[in-house]
Amino acid sequence: MSLVIVDTGCANISSVYFAVKRLGVEPVISRDAAVIRDASRVILPGVGTAKAAMHNLAERELIGTLQSLTQPMLGICLGMQMLTAHSMEGDVACLGLIPGEVAPLNAAGLRLPHMGWNTLHKISKHPILAGFTEQDYLYFVHSFAVVPSEYSLAQCHYGSDFAAVIGKDNVVGAQFHPERSGKVGARLLQNFLEWQL
Numbered sequence: 555m556s557l558v559i560v561d562t563g564c565a566n567i568s569s570v571y572f573a574v575k576r577l578g579v580e581p582v583i584s585r586d587a588a589v590i591r592d593a594s595r596v597i598l599p600g601v602g603t604a605k606a607a608m609h610n611l612a613e614r615e616l617i618g619t620l621q622s623l624t625q626p627m628l629g630i631c632l633g634m635q636m637l638t639a640h641s642m643e644g645d646v647a648c649l650g651l652i653p654g655e656v657a658p659l660n661a662a663g664l665r666l667p668h669m670g671w672n673t674l675h676k677i678s679k680h681p682i683l684a685g686f687t688e689q690d691y692l693y694f695v696h697s698f699a700v701v702p703s704e705y706s707l708a709q710c711h712y713g714s715d716f717a718a719v720i721g722k723d724n725v726v727g728a729q730f731h732p733e734r735s736g737k738v739g740a741r742l743l744q745n746f747l748e749w750q751l
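Residues in the sequence shown are numbered consecutively from 555, following this note's numbering.
Some clues are possibly wrong.
Stated by the list, open to error - Label-pair restraints from in silico Cβ distances:
id	residue 1	residue 2	range
1	S556	E613	16 to 26 Å
2	S594	S569	38 to 48 Å
3	T624	S703	21 to 31 Å
Worth flagging that the hints you see were computed from the coordinates, not collected in a lab. Bear in mind the structure is a predicted one, so any value in this text is a computation, not a measurement. Note that CB positions come from ideal geometry on N, CA and C, so glycine has one too.
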């Protein structure tokens, strides 16, 4: 299996790299469109702001490449948000691979960013969530979130409900950090490695 982690210029790439490597797969970090297209699986990581991350993808001429992929692709944290149509964080158009809107997290007075461990609910039967339960804790760090929709595969509650996992066709995204979520996060990455379209 060839797995490429897209070099988005963001800070969490090495932790994603080592999390995948622990599962027995040697990933490649690349910003080369040809390398990304040829991969059997692609991970789109991201931390920071949507505007800066989309600017990086545009500068690296990767937007069209990512939009054309047919193999399994996983967006993580900001990488998940970039899969949607639009982010209110900087009012920026995203990749448009999964219909959706990224909005400020309605934390109902709770501290922002939403930082720490939380559980999922409304967990779908999607293969990416095989083995997940509402008792599993995952690690989140974010102030913006994808508004729940028919493309939500699982939701999380922090002041209000938001989409914690989304998916459409060959593309899925996780708002939490699987690379920082211990055995539960490793399960999501393993499910992604085993996901057959």
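Checklist entry - Which of the numbered hints above does this structure break? => result 2
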